[in-house]
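Peer 1: Sequence:
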Amino acid sequence: AGGPSADGFFPRCYDLAQGADRDDLVLDFRRSAALRAAAAHLHLERRAAEGFSAQKYACNLDVLQHVRLVLRRWCWDLDAAHLDDEAAGDGEAALSEDAWDALVTYSDLTQAQLCGDTIEEDLVRPPRRRHYRPGGGALDGGARAAEWHEGQGEARPSDVRSWPEFAGQRWGRPASRLNEALEGAMAQLEALFPQWPLQGGRVGRNIWIVKPGTNSKGSGVECVNSLPDMLHSGDAMPNRLAQKYIERPLLLFSGRKFDIRQWILVRSVAPLRVFMFSECYLRLCNGAYDLGDLRDREKHISNWQVNRHGRNVVDGAVVSLQDFQGELHDLTGNAEYWDQEMRPQVQSIVLQTLRAAQGQLVPRANSFELYGFDLMVDEQLRLWLLEVNLSPGCDCRTPFLDRMLERMSKRLVEVAVLGEEAPDGVLPDWVKICDDAADG
Numbered sequence: 001a002g003g004p005s006a007d008g009f010f011p012r013c014y015d016l017a018q019g020a021d022r023d024d025l026v027l028d029f030r031r032s033a034a035l036r037a038a039a040a041h042l043h044l045e046r047r048a049a050e051g052f053s054a055q056k057y058a059c060n061l062d063v064l065q066h067v068r069l070v071l072r073r074w075c076w077d078l079d080a081a082h083l084d085d086e087a088a089g090d091g092e093a094a095l096s097e098d099a100w101d102a103l104v105t106y107s108d109l110t111q112a113q114l115c116g117d118t119i120e121e122d123l124v125r126p127p128r129r130r131h132y133r134p135g136g137g138a139l140d141g142g143a144r145a146a147e148w149h150e151g152q153g154e155a156r157p158s159d160v161r162s163w164p165e166f167a168g169q170r171w172g173r174p175a176s177r178l179n180e181a182l183e184g185a186m187a188q189l190e191a192l193f194p195q196w197p198l199q200g201g202r203v204g205r206n207i208w209i210v211k212p213g214t215n216s217k218g219s220g221v222e223c224v225n226s227l228p229d230m231l232h233s234g235d236a237m238p239n240r241l242a243q244k245y246i247e248r249p250l251l252l253f254s255g256r257k258f259d260i261r262q263w264i265l266v267r268s269v270a271p272l273r274v275f276m277f278s279e280c281y282l283r284l285c286n287g288a289y290d291l292g293d294l295r296d297r298e299k300h301i302s303n304w305q306v307n308r309h310g311r312n313v314v315d316g317a318v319v320s321l322q323d324f325q326g327e328l329h330d331l332t333g334n335a336e337y338w339d340q341e342m343r344p345q346v347q348s349i350v351l352q353t354l355r356a357a358q359g360q361l362v363p364r365a366n367s368f369e370l371y372g373f374d375l376m377v378d379e380q381l382r383l384w385l386l387e388v389n390l391s392p393g394c395d396c397r398t399p400f401l402d403r404m405l406e407r408m409s410k411r412l413v414e415v416a417v418l419g420e421e422a423p424d425g426v427l428p429d430w431v432k433i434c435d436d437a438a439d440g
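The opening position of the sequence shown corresponds to residue 1 in the working numbering, with each subsequent residue numbered one higher.
Everything labelled a hint here was simulated from the structure, so no lab data went into it. Model, not experiment: these values are computed from the prediction. Hints may be right or wrong, so weigh each one.
To be verified - For each label pair, taking beta carbons as the anchor points, the in silico distance ranges come out as: (1) 187 with 12: 19 to 25 Å; (2) 378 with 414: 20 to 26 Å; (3) 78 with 356: 18 to 24 Å; (4) 409 with 339: 22 to 28 Å; (5) 187 with 417: 17 to 23 Å; (6) 381 with 322: 14 to 20 Å; (7) 418 with 202: 53 to 59 Å; (8) 213 with 345: 35 to 41 Å; (9) 395 with 191: 41 to 47 Å; (10) 380 with 335: 45 to 51 Å; (11) 161 with 357: 47 to 53 Å; (12) 437 with 237: 41 to 47 Å; (13) 172 with 397: 57 to 63 Å; (14) 196 with 437: 16 to 22 Å.
Virtual Cβ for every residue (Gly too), placed ideally from N, Cα, C.
From just these sequences and the hints, can you work out the full model?
Peer 2: Set out below in structure tokens:
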């Protein structure tokens, strides 16, 4: 109970089949939208003060007041020293569905829209999922639903102030105290929120990844930044999870996103006895990373089954640990960065995850399990756990991966079946990272 929180290494995740999780996702998405709106507003305020093109910027004062309330309540929830009774009348809970619709819609506006720049073509009304409002509220049937969906797909005027979500709201330049309140809330969130790096900053788009809880090989995985789309996905398909997307990953090899596949061997659950293979490898996306194109899965999902038929696939879409170490050396100036900084992070994440799940694992005599831990590195070189794969795929795709697999499987049999746990003097090898029986 007193150990490190998973929030520090596992992007928050919600089960779309569970009512409580869905409610938490809606609140999380709305708060992330408020953070995005605040970041965009403060950026444009600074640009206007510096005399750049944002001088035409006029904000929605009502929406930003609601943003202030939302961020304040979020800070209170994260602050262990804050007493709940102090939050009485905080305002967030009192926001109407119309207010949430306006806030979420406002958070999605581009800089050009916010500054009233001339746009050659009218914007197309974003498609709405039946039964859900833009802010994630339920839309009952009847006349109200018919009115809401009327005109879906039709062109909207370029002047966002005329959009129905903002009807009757005030626009203009904010008082300095509002900007100060927003800046203070964002600074407090950065200090309190372990998953601040996942938000994407000013360029963040409130992106989430929706995936089946049991499928493999990237099947059914998609990136979305629409709350109604996520809720609809949970309605349409069973066993769907929504996980916060890492919007600012470390990009290497011509601007491509990647993740790390690390093999883990569990010889015993109780007592816990764990081995980590001394080498891992990277799985690359085919396309250059692009937050503006979420439909192209080859730019965002590294699974081989997603990328194997792509136009740019080379060398099995994998990279060796040695090549990765060279990239880290170039980035940090430290040739030992992997061994000194990253490998300990991987080991810590693996052990925290297994200990968290230990009570759910059934101990069986004379058995073992091989797991594939998938991790991602963000632009600050911080590691995040994406998922843990049972019986991970072991496809032979390149000479270096073939050699790794041959060595891994040979030593797997020797360690897990024959009990030859001591290193045999050849690398790579299985390295014991936990033995509760020996330690206890």
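Peer 1: Decide, hint by hint, whether the structure agrees.
Peer 2: We went through each hint and held it up to the structure:
1. 187 with 12: 19 to 25 Å: Once the Cβ atoms are compared, 21 Å apart, the range 19 to 25 Å for residue 12 and residue 187 holds.
2. 378 with 414: 20 to 26 Å: Given a distance of about 36 Å, which is not inside 20 to 26 Å, the answer is violated.
3. 78 with 356: 18 to 24 Å: With a Cβ separation near 21 Å, residue 78 and residue 356 satisfy 18 to 24 Å, so the hint holds.
4. 409 with 339: 22 to 28 Å: Given a distance of about 24 Å, which is inside 22 to 28 Å, the answer is holds.
5. 187 with 417: 17 to 23 Å: Given range 17 to 23 Å: violated, Cβ gap about 55 Å.
6. 381 with 322: 14 to 20 Å: 18 Å, holds
7. 418 with 202: 53 to 59 Å: For residue 418 and residue 202 the Cβ distance comes to about 56 Å; the hint holds.
8. 213 with 345: 35 to 41 Å: 26 Å, violated
9. 395 with 191: 41 to 47 Å: 44 Å, holds
10. 380 with 335: 45 to 51 Å: Taking Cβ atoms as reference, residue 380 and residue 335 lie about 20 Å apart, which means the hint is violated.
11. 161 with 357: 47 to 53 Å: 51 Å, holds
12. 437 with 237: 41 to 47 Å: 43 Å, holds
13. 172 with 397: 57 to 63 Å: Check passed, 58 Å falls within 57 to 63 Å.
14. 196 with 437: 16 to 22 Å: 39 Å, violated
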